[in-house]
Amino acid sequence: MRALPPFVAALALAACTLPAPPQAAVVPHYVVGQPYRTGGVWRYPREQFDAEETGLATVETRTTGLTADGESVDPQAMAAAHPTLQLPCIVAVTNLDNGYQVLVRVNDRGPPDPGRVIALTPHAMALLRAADPHAVRVSVAVQQAESLRLASDIGGAESPRLALAVVPLGEVTSQALPPPTGAAGSQPAQVAAAPAPHNATLDAPPVPLRLPETVTQVAPHPASLYVDVAGFGHADYAGLLQRRLAALGAEVVLDYAAPRDRAYRVRIGPLAGAANADATLARVIARGFGDARIVAQ
Numbered sequence: 001m002r003a004l005p006p007f008v009a010a011l012a013l014a015a016c017t018l019p020a021p022p023q024a025a026v027v028p029h030y031v032v033g034q035p036y037r038t039g040g041v042w043r044y045p046r047e048q049f050d051a052e053e054t055g056l057a058t059v060e061t062r063t064t065g066l067t068a069d070g071e072s073v074d075p076q077a078m079a080a081a082h083p084t085l086q087l088p089c090i091v092a093v094t095n096l097d098n099g100y101q102v103l104v105r106v107n108d109r110g111p112p113d114p115g116r117v118i119a120l121t122p123h124a125m126a127l128l129r130a131a132d133p134h135a136v137r138v139s140v141a142v143q144q145a146e147s148l149r150l151a152s153d154i155g156g157a158e159s160p161r162l163a164l165a166v167v168p169l170g171e172v173t174s175q176a177l178p179p180p181t182g183a184a185g186s187q188p189a190q191v192a193a194a195p196a197p198h199n200a201t202l203d204a205p206p207v208p209l210r211l212p213e214t215v216t217q218v219a220p221h222p223a224s225l226y227v228d229v230a231g232f233g234h235a236d237y238a239g240l241l242q243r244r245l246a247a248l249g250a251e252v253v254l255d256y257a258a259p260r261d262r263a264y265r266v267r268i269g270p271l272a273g274a275a276n277a278d279a280t281l282a283r284v285i286a287r288g289f290g291d292a293r294i295v296a297q
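Numbering-wise, our numbering puts 169 at position 169 of the sequence shown, and it's gapless, one number per residue.
By construction, these hints were calculated from the structure, which means they are not laboratory data.
This one's a predicted model, so the numbers in the text were calculated from it and none came from an experiment.
Just so you know, even glycine gets a beta-carbon here, dropped at the ideal spot from N, CA and C.
Errors might be hidden in some of the hints.
Stated by the list, open to error - Simulated DEER-style distance windows between Cβ atoms: (1) G239 <-> T63: 45 to 53 Å; (2) D236 <-> G70: 41 to 49 Å; (3) P208 <-> Y237: 17 to 25 Å; (4) L240 <-> D74: 35 to 43 Å; (5) R287 <-> G70: 37 to 45 Å; (6) D50 <-> P212: 17 to 25 Å; (7) S224 <-> Q144: 27 to 35 Å; (8) P122 <-> Q217: 32 to 40 Å; (9) T63 <-> Y237: 41 to 49 Å.
All chains should be built: construct the whole structure from the sequences, respecting the hints.
Laid out in structure tokens, this is it:
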């Protein structure tokens, strides 16, 4: 075999010993985003720092790439994808069947299936100990303080103007004022001076990019599945929709926890299992009700 010229051999040796190019830094950014279409329905992202919802969770299948807010996809992270919440935010996900609860960082859009409310990484899903990782009855609650903290830390063009909580700092002082005209002999009024505000949220420690593994056991709350179609402020309007979907078993219920303009709910159920709920949801969407969703109550 013919020997390589000395300078060629030197170049080959240098190529073997060159350091690998530096990896691009992961720089997450705050995202709300524009409406988009997936799974045959439109999604409308918006800020909801106090959102609570129920439904079916599934496991995230993507293992590489970047999330919607610029983080690295990591199947072992305590992370999740949500169709409309601001990114990133922190949510508590509870398996209603057994009471296992985890905290996850929502940093991506998804899942594409309109019958699923959230998609968890394989590791986070495993901690919920679900019998079926593709159809887990869950509650999802945004952790307001931590999520506001994230939005404040990351900032950016879409970062919200935060309504941050304040707490008093220091002692309250008072000052004696002269009585008003015509109130001779009255004692001077005592007016408390407002203390200097202290911003509790901004003084909180930053939320880590990678959440620690946290599992909490709460009381189980076995729930039935329904397809929630729409809400109205008047029973007559709800009744009109109920009659349109009567063949699917729709009924009108009064939800005392809902805002007044959505208190009269049109829903279908209870439904026997996730497969039946998925099929019913598909029929409702096919009739033009893209905002319908599966709930666990």
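Hints versus structure:
1. G239 <-> T63: 45 to 53 Å: holds, 48 Å
2. D236 <-> G70: 41 to 49 Å: holds, 48 Å
3. P208 <-> Y237: 17 to 25 Å: violated, 47 Å
4. L240 <-> D74: 35 to 43 Å: violated, 48 Å
5. R287 <-> G70: 37 to 45 Å: holds, 38 Å
6. D50 <-> P212: 17 to 25 Å: Holds, at about 24 Å.
7. S224 <-> Q144: 27 to 35 Å: Distance hint for S224, Q144 holds at roughly 28 Å.
8. P122 <-> Q217: 32 to 40 Å: For Q217 against P122, whose Cβ atoms are near 21 Å apart, the range 32 to 40 Å is violated.
9. T63 <-> Y237: 41 to 49 Å: holds, 46 Å
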